[in-house]
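Student: Add chain B to chain A, keeping to what the hints say.
Order-wise, the sequence lines are chains A and B. The opening position of the first sequence corresponds to residue 27 in this note's numbering, with each subsequent residue numbered one higher. The opening position of the second sequence corresponds to residue 1364 in this note's numbering, with each subsequent residue numbered one higher.
Covered by chain A, according to a simulated footprint, are these stretches of chain B (three or more residues, beta-carbon under 8 Å):
#1 1504 to 1517
#2 1635 to 1647
#3 1653 to 1667
No wet-lab data here; the hints were simulated from the structure. Each residue gets a CB set at the ideal place from its N, CA and C atoms; glycine is no exception.
Residues per chain are reported as follows:
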Amino acid sequence: MTDLHGADYRAVRRLSTRDNVTLAEAGETCARVPVESLAPLLASGHIEPVTAALREAAWTDLGRPADEVPA
Amino acid sequence: MSPVSSASFAVLLVDGYSLLSAKVQGFSHEVEVELEPSEGLGDLWRATLPTGMRKATITQDGAFFDTTAAGIHAAMSAAPSTTRIVAWAEAGNTIGAIFAACQGALTAKYTVLSASAKLTKANVAYQVTGALDEGVIVQNATPKTVDWNTKTDGASVDYTLDPTQTVIPITSATKANPCVVTTTVPHNLTTGQKILPSGNTLAGPSINSDLAVTVISTTTFSVAVNTTASTGAGTGGSFVRSSTVLGGVGYQFISAMNGFSGFVGKIRSSPDDVTYADLISFTNQTAAPAAERLTVAGTIDRYLCFNGDVTGSGSITPFVGFKRT
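Isolated chain A (complex conformation) (with noise of 0.2 Å):
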């Protein structure tokens, strides 16, 4: 998987630590999320990218067929 970076996905739901700090909020971009959180989020569905480049990328390296991938 390529190297992800927090501004290039925005969070589907609030994202915060585990003392509740909120991270980002619902349609924030995700800058202050942990590097290492970014792929897990993303495999779980709670971010997304922000461009369609990024969302073909991330849908084909979770190995979903490219012709798939969401709008």
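Tutor: Chain B in isolation, oriented as in the chain A frame:
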């Protein structure tokens, strides 16, 4: 489920009322498969076929109900058509222990056995109109006086340790990229779901870590691990699921609330125990008793925790459970 004793029966809530204080003497729940007749002309014996439908019934025997104004006796006897949210925990009042609950439990029968002073002894049977949910306790019933977070309190829930998990044996794991895992029984996984294998002999690198799967067949799937540098194929071991993908159901009950002007409970989940995502936010509650059931779709991660945010000063006794679909 392991055998439980009376002492381990720690929670019995109906719409937020704690019926343990009502001294229930017996409790049972049953799930019945509905059948329809299927015999034809000339048949001599009754024949039935399953309809695919099930129904659940809950029964509590010999409870003493408080008959004071607005007490539980009035609530139970006056409105038998009111649907209720019922929850119970037979294996202890502990975070991570199993609980069961349902919404849509109609009081099918309320049989008064005797009455004395301000108490009425009665048997109650509920017919559940929806599904019976069995999950884990994410917040046990215990009084709280300030905001709290079960994660930082050291009591979050790890799905890989869930007592209801089915351990799936691994037959083999290939030396390939991606590595293909074969199981001895159907794995029942969905592409994108995560598993936690252990005990497999594959090395360099190992597959014994939290991994997402791509399903190939009912007994094979691949994981995104390049094992071509391994000395050979891996054998043995097993795995448990570390995420689910079909959503879930959260239950929150407030059996006591004094002083506080508001309370908001929230279940959060995390795939890595570092960053958490809001999963379910319950409605702000201002009084007890109260109960709420909320559903959520999509992936449910490995770790679950519960946050309680109170307004003002006082005391509150919540109970929260979550069932993965």
